[in-house]
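Let's have the full structure, built from the sequences with the hints guiding it.
Going line by line, the protein sequences match chains A and B.
Take 5 as the starting number for the first sequence in the numbering used here and just add one per residue.
Take 925 as the starting number for the second sequence in the numbering used here and just add one per residue.
Be aware that a few hints might be false.
Claimed, not checked - Derived DSSO-like pairs (lysine-lysine); straight-line CA-CA distance at most 27 Å:
#1 B/LYS926 / A/LYS150
#2 A/LYS42 / A/LYS193
#3 A/LYS207 / A/LYS150
#4 A/LYS81 / A/LYS127
#5 B/LYS951 / A/LYS207
#6 A/LYS101 / A/LYS42
#7 A/LYS175 / A/LYS125
#8 B/LYS993 / B/LYS951
#9 A/LYS104 / A/LYS42
#10 B/LYS951 / A/LYS175
#11 B/LYS951 / B/LYS926
#12 A/LYS193 / A/LYS175
#13 A/LYS125 / A/LYS165
#14 B/LYS993 / A/LYS101
#15 A/LYS150 / A/LYS29
#16 A/LYS150 / B/LYS951
#17 A/LYS126 / A/LYS165
#18 A/LYS193 / B/LYS951
#19 A/LYS125 / A/LYS81
#20 B/LYS926 / B/LYS993
#21 A/LYS101 / B/LYS926
#22 A/LYS173 / A/LYS125
#23 A/LYS193 / A/LYS126
#24 A/LYS150 / B/LYS993
#25 A/LYS126 / A/LYS173
#26 A/LYS42 / A/LYS29
#27 B/LYS993 / A/LYS193
Keep in mind the hints are simulated off the structure, nothing from the lab.
Keep in mind the model is a prediction, meaning the values are calculated, not measured.
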Amino acid sequence: MGGNIIVTGVTSGIGLGLSTALLEKDCTILGIGRDISKLQRQINLESNKQFFFESFDLSDLGGIEELINNFISAHGKIDGFVHCAGIEETIPLSMYKVDKVRRIYEINVFAAIELLRIVSKKKNSNDGASFIFLSSVMGALGQSGKVGYCSTKAAILGMVKASAIELAKRKIRVNAVLPGIVTTPLTEKLFSELSEENISRIKDMHPLGIGEVGDITPVITFLLSNQSRWITGQSLTVDGGYSIQ
Amino acid sequence: MKISDFIHGLAEELEIESRLTANTNIKDLDEWDSLQAMVLISYVSEYFGVSLTGSDIHEITTIESLITKIGPERFEQE
Ligand SMILES: NC(=O)c1ccc[n+]([C@@H]2O[C@H](COP(=O)([O-])OP(=O)(O)OC[C@H]3O[C@@H](n4cnc5c(N)ncnc54)[C@H](OP(=O)(O)O)[C@@H]3O)[C@@H](O)[C@H]2O)c1
Chain A
5 MGGNIIVTGV TSGIGLGLST ALLEKDCTIL GIGRDISKLQ RQINLESNKQ
55 FFFESFDLSD LGGIEELINN FISAHGKIDG FVHCAGIEET IPLSMYKVDK
105 VRRIYEINVF AAIELLRIVS KKKNSNDGAS FIFLSSVMGA LGQSGKVGYC
155 STKAAILGMV KASAIELAKR KIRVNAVLPG IVTTPLTEKL FSELSEENIS
205 RIKDMHPLGI GEVGDITPVI TFLLSNQSRW ITGQSLTVDG GYSIQ
Chain B
925 MKISDFIHGL AEELEIESRL TANTNIKDLD EWDSLQAMVL ISYVSEYFGV
975 SLTGSDIHEI TTIESLITKI GPERFEQE
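And the structure:
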């Protein structure tokens, strides 16, 4: 496959698994995350000459442009971008004050739009590039304590459709992936707050069982590749059947 | 936070009609359900930075036992 790909959330879970898969496909990666130690356990940064890590807090929205420009000056235009960085939280509506709402929007939505704005500029990306955003089945469904998470993930779906139309003239494609529950540090944290009974209830709600990172990454690499060249503006659910019931 | 303020704040967040004391068994409250458990987890996390787990919630009975879980040393003197 090759090409220059930006991956956010590269230090953990889906972003980390995806980066490992993309390195095997000869891609050059700008990986964005904060905690390098988590990354070093999985990817040898010394020997991987095609992997460039930037420790960056994406809530610093004003600094994103410089970060992207620096990579492009050194390595050339972007062929793909995957926004895996995201936060999940369970907060009851009665306690969801606006500063908390703003915090989850900053990472899940505002950073996504700002990255898309910058990366989609003609000077920054090649025609035919592919951009993928991690939404969630929760972007289409609801659950208590998830007003922030569900609404940010639903916002992604709207953003994907609108930008897919705007960027189609350059054959740039924009799609969303909606995973069900996949075992990552994010879901480990979520499960730690739940009783055994609730955990097994959630597991039972996935007809094919709970997913692994490797169940999601092939879908993303397909969407990045030219094989999906006629797919744009879509919300692709990958959830072991969770949402069909 | 003082224990009395904690109990008062918790009663507000849980929207409890009856009087809440250190000896109240939260699971005996009419209002108690899984949503209330979520409010309790968020309240404790916000004010003490302590993440109660699913099994902590299972073990808690009275407000006093909740305070023991959080750590009595985290509370100010009355
Ligand atoms: N796992 C699931 O079951 C599941 C289901 C549906 C949707 N999703 C979505 O898929 C995406 C990836 O999930 P995951 O399970 O792989 O999550 P994860 O293991 O918790 O990883 C989240 C990543 O986001 C990064 N991140 C968080 N806040 C950041 C910030 N302020 N600045 C920069 N980076 C930040 C983290 O970097 P640091 O740790 O280095 O800060 C980490 O690399 C998320 O958008 C999530 O909502 C996941």
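A quick look at each hint next to the structure:
Of the supplied pair hints, the one linking B/LYS926 and A/LYS150 is violated, its CA atoms being roughly 30 Å apart against a limit of 27 Å. Pair hint A/LYS42 plus A/LYS193 holds up; C-alpha atoms about 16 Å apart against a cutoff of 27 Å. Our distance criterion of 27 Å between C-alpha atoms is met by A/LYS207 and A/LYS150, whose separation comes to about 18 Å. Of the pairs offered as hints, the one joining A/LYS81 and A/LYS127 holds, with about 7 Å between alpha carbons and a cut-off of 27 Å not exceeded.
Of the pairs offered as hints, the one joining B/LYS951 and A/LYS207 holds, with about 26 Å between alpha carbons and a cut-off of 27 Å not exceeded. Note on A/LYS101 and A/LYS42: the hinted pairing is violated, with a Cα-Cα distance of about 31 Å set against a maximum of 27 Å. Note on A/LYS175 and A/LYS125: the hinted pairing holds, with a Cα-Cα distance of about 13 Å set against a maximum of 27 Å. Taking the CA atoms of B/LYS993 and B/LYS951, the gap is about 16 Å. The hint holds against a cut of 27 Å.
Proposed proximity of A/LYS104 and A/LYS42 is supported: the alpha carbons are some 26 Å apart, at most 27 Å. With a CA separation close to 58 Å, the supplied pair B/LYS951 and A/LYS175 exceeds the 27 Å bound. A threshold of 27 Å between alpha carbons decides the hint, and for B/LYS951 with B/LYS926 the separation of about 23 Å falls inside it, so the pair holds. Distance check on the hinted pair: A/LYS193 and A/LYS175 sit about 39 Å apart at the alpha-carbon level, beyond 27 Å; violated.
For the given pair, A/LYS125 sits about 18 Å from A/LYS165 by alpha-carbon distance, which is consistent with the 27 Å threshold. For the hint pairing B/LYS993 with A/LYS101, the CA-to-CA distance comes to about 26 Å; that is within 27 Å, so the pair holds. About 36 Å separates the Cα atoms of A/LYS150 and A/LYS29, which puts this hinted pair outside 27 Å; it is violated. Distance hint between A/LYS150 and B/LYS951 is fulfilled; the C-alpha atoms sit about 24 Å from each other, no more than 27 Å.
Restraint check for A/LYS126 and A/LYS165: satisfied, since their Cα atoms lie roughly 19 Å apart, inside the 27 Å limit. At most 27 Å may separate the alpha-carbon atoms for a hinted pair to count; A/LYS193 and B/LYS951 meet this at roughly 24 Å. Our distance criterion of 27 Å between C-alpha atoms is met by A/LYS125 and A/LYS81, whose separation comes to about 10 Å. Pair hint B/LYS926 plus B/LYS993 holds up; C-alpha atoms about 16 Å apart against a cutoff of 27 Å.
This hinted pair checks out: A/LYS101 and B/LYS926 have alpha carbons roughly 23 Å apart, not beyond 27 Å. This hinted pair checks out: A/LYS173 and A/LYS125 have alpha carbons roughly 13 Å apart, not beyond 27 Å. With a CA separation close to 40 Å, the supplied pair A/LYS193 and A/LYS126 exceeds the 27 Å bound. Under the criterion of a C-alpha separation no larger than 27 Å, the hint pairing A/LYS150 with B/LYS993 is consistent with the structure, at around 26 Å.
A hinted pair counts as satisfied when its Cα atoms are at most 27 Å apart, and A/LYS126 with A/LYS173 qualifies at roughly 11 Å. With a C-alpha separation of about 22 Å, the suggested pair A/LYS42 and A/LYS29 falls inside the 27 Å cut-off, and the hint holds. Restraint check for B/LYS993 and A/LYS193: satisfied, since their Cα atoms lie roughly 19 Å apart, inside the 27 Å limit.
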